[in-house]
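Line order of the protein sequences matches chains A and E.
For the first sequence, this note's numbering begins at 3 and goes up steadily by one.
For the second sequence, this note's numbering begins at 9 and goes up steadily by one.
Source of the hints: derived by calculation from the structure; they are not laboratory data.
Treat the hints loosely; a few may be bogus.
[Said to hold, decoys possible] With the Cβ distance kept under 8 Å, some of the chain A side facing chain E (calculated, not the full set): (1) T101; (2) Y132; (3) V197; (4) S199; (5) P287; (6) E288; (7) D290; (8) S295.
Note that CB positions come from ideal geometry on N, CA and C, so glycine has one too.
Here is how the chains run, residue by residue.
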Amino acid sequence: MLIQIPPSSACREHEVTPESIYLSRRRLLAAAGGLAAMAALPGHAQDPSAYPDVEAAKSPAWFDEKLAGTRWQAVTPGNEAVTPFQDATHYNNFYEFGTNKGDPARNAGQLQIEPWTVRIEGEVGKPGTYSIEDLVKPHGLEERIYRLRCVEAWSMVIPWVGFPLADLLKRVEPTSKAKYVSFETRLAPEEMTGVRSGFSLIDWPYIEGLRLDEAMHPLTILAVGMYGRILPNQNGAPLRLVVPWKYGFKSIKSIVRISLVSEQPATTWQSIAAEEYGFYSNVNPEVDHPRWSQAHERRLPSGLFSPNIVPTRMFNGYDEVASLYTGLDLRKNY
Amino acid sequence: MRFWFWRLCVFLAAPVPVILWLYQAWIFALGPDPGKVLVDRLGLAALWLLLITLAMTPLQKLTGWGGWIAVRRQLGLWAFTYVVMHITGYAVFLLGLDMQQFLIDLGKRPYIFVGALGFVGLLALAITSNHFSIRRLGKRWKRLHRLVYAILGIALLHMLWVIRADMAEWAGYAMAGALLMLLRAPPVVRLLPRVTAAFRRDSKIVSNKC
Chain A
3 MLIQIPPSSA CREHEVTPES IYLSRRRLLA AAGGLAAMAA LPGHAQDPSA
53 YPDVEAAKSP AWFDEKLAGT RWQAVTPGNE AVTPFQDATH YNNFYEFGTN
103 KGDPARNAGQ LQIEPWTVRI EGEVGKPGTY SIEDLVKPHG LEERIYRLRC
153 VEAWSMVIPW VGFPLADLLK RVEPTSKAKY VSFETRLAPE EMTGVRSGFS
203 LIDWPYIEGL RLDEAMHPLT ILAVGMYGRI LPNQNGAPLR LVVPWKYGFK
253 SIKSIVRISL VSEQPATTWQ SIAAEEYGFY SNVNPEVDHP RWSQAHERRL
303 PSGLFSPNIV PTRMFNGYDE VASLYTGLDL RKNY
Chain E
9 MRFWFWRLCV FLAAPVPVIL WLYQAWIFAL GPDPGKVLVD RLGLAALWLL
59 LITLAMTPLQ KLTGWGGWIA VRRQLGLWAF TYVVMHITGY AVFLLGLDMQ
109 QFLIDLGKRP YIFVGALGFV GLLALAITSN HFSIRRLGKR WKRLHRLVYA
159 ILGIALLHML WVIRADMAEW AGYAMAGALL MLLRAPPVVR LLPRVTAAFR
209 RDSKIVSNKC
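Take the sequences, apply the hints, and build the full model.
Listed below in structure tokens is the structure:
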């Protein structure tokens, strides 16, 4: 065994290049048209210089086509450092593939993502079953670098690639009866070891929901990629929700059904422990979860002897959503 | 000292896991949230050690070997040591030594309160584990150290309360704990020597045949 003892002053690879420098390098590349040139090469559609530790992936043609026209850094979290790709893809909650953080990276390879269809139904003018290609085709992709806050009191900064959910919803024309949107994750026990567990408390499939105005908010996106590449399975390929001002479990993964409904849907975590997981689940340092204080969070990666503990911000720092909740008691509607 | 080599082996083996984990943390092999991983593993190791400690008496009864009892106290003290490291890790790695938050957690969160209760119980047993206390407490010592059964229950409850969605792992530990308790039920205890005597007789017959 090679014994490595790094000096305490040594920094990890991601700490070496200041974010501003590698981000400006990408802007330069994009300006030079390098991105378009790379998109022409099969299998090299992503910009490899943007995120240093990204694993190359073979992405489907529909994704490569869209990536060339992506609007990079449409939203950024100021000067907060992006979480390394390795951490964002190997520290996941995706209970269909096991409850340990490393399980999804180990087991999600079993998930069949091609072909993939999404059923859109309920109170809409144009219900239907869409292939992922057709679903994404009319939309321009954007990179949104969002903070992601887990209810377990850790957080990351992740560069998603996706499009606003509102654009899709407008396309399918919600009726006046549509008040909520309900989402469902793929259920395939033969591909999902966590679903096969006889000791699970979850009544599969995983269900999440938003109020229609939350779903229509410009910050709410459907993501198809991250770190300039296609979504890895453990991060919710091929289509996942990202609602950055809510705890991570609201951002449902591997979506197969989107229903517009008139009643508030019964969501998975709320059904297991309603006193712990409310329907809204807005990030709120004032309202504690019974098991974890929400006043602070560990921004990952966090060192052992220098834990990266930062104060949690109301709505995870996305103050622009506050107007959605005027008149709502956020202590009761946690 | 009887079994000195066996005792030494156990003494050297018990701290190996924590040394290994600290090394993994040092080389960044525990993932992006090493503090959380370490605190979880230390707690789990304490539970393992508690179960192993409780297995020593039944093992002695089953095999008749005195070495099991010779390391029982040491193993109990190691369980206590891992609990101390578990709590220290929680305070340092997860709270960043924010002691005010520690007190808030203690008052607000049942699983943390129950965990603290288990710690106080183990502390009482650790303090009274020396020869002086055994002599001094006499008959009461045995009664006091039966507290370990309650502490096992508390440890399992503490773990149960942390579970979010899957009970499989917990069920395994609960079953091991239940088995160790069952082996202490008076009817089972009465039966055990007969079972082991029969077992030993059989194995002797088999070995004679060979």
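Now the hints, each set against the structure:
1. The restraint placing T101 (chain A) at the interface with chain E holds, with a minimum CB-CB distance near 5 Å, inside the 8 Å limit.
2. With its C-beta approaching chain E no nearer than about 30 Å, Y132 (chain A) sits outside the 8 Å limit, and its interface hint is violated.
3. Taken as an interface hint, V197 (chain A) does not check out: its beta carbon lies about 11 Å from the nearest beta carbon of chain E, beyond 8 Å.
4. The closest approach between the C-beta of S199 (chain A) and any C-beta of chain E is roughly 6 Å, which is under the 8 Å cut-off, so the hint is satisfied.
5. Residue-level restraint check for P287 (chain A) is violated (minimum Cβ-Cβ distance to chain E is 12 Å; threshold 8 Å).
6. For E288 (chain A), the suggested interface contact is broken, since its CB lies about 13 Å from the closest CB of chain E, more than 8 Å.
7. Annotation: interface hint on D290 (chain A) holds; nearest CB of chain E at approximately 7 Å, less than 8 Å.
8. Evaluation of the S295 (chain A) hint against chain E yields a held restraint, the C-beta minimum of about 6 Å falling below 8 Å.
Violated hints, in rising order: 2, 3, 5 and 6; the structure is consistent with all others.
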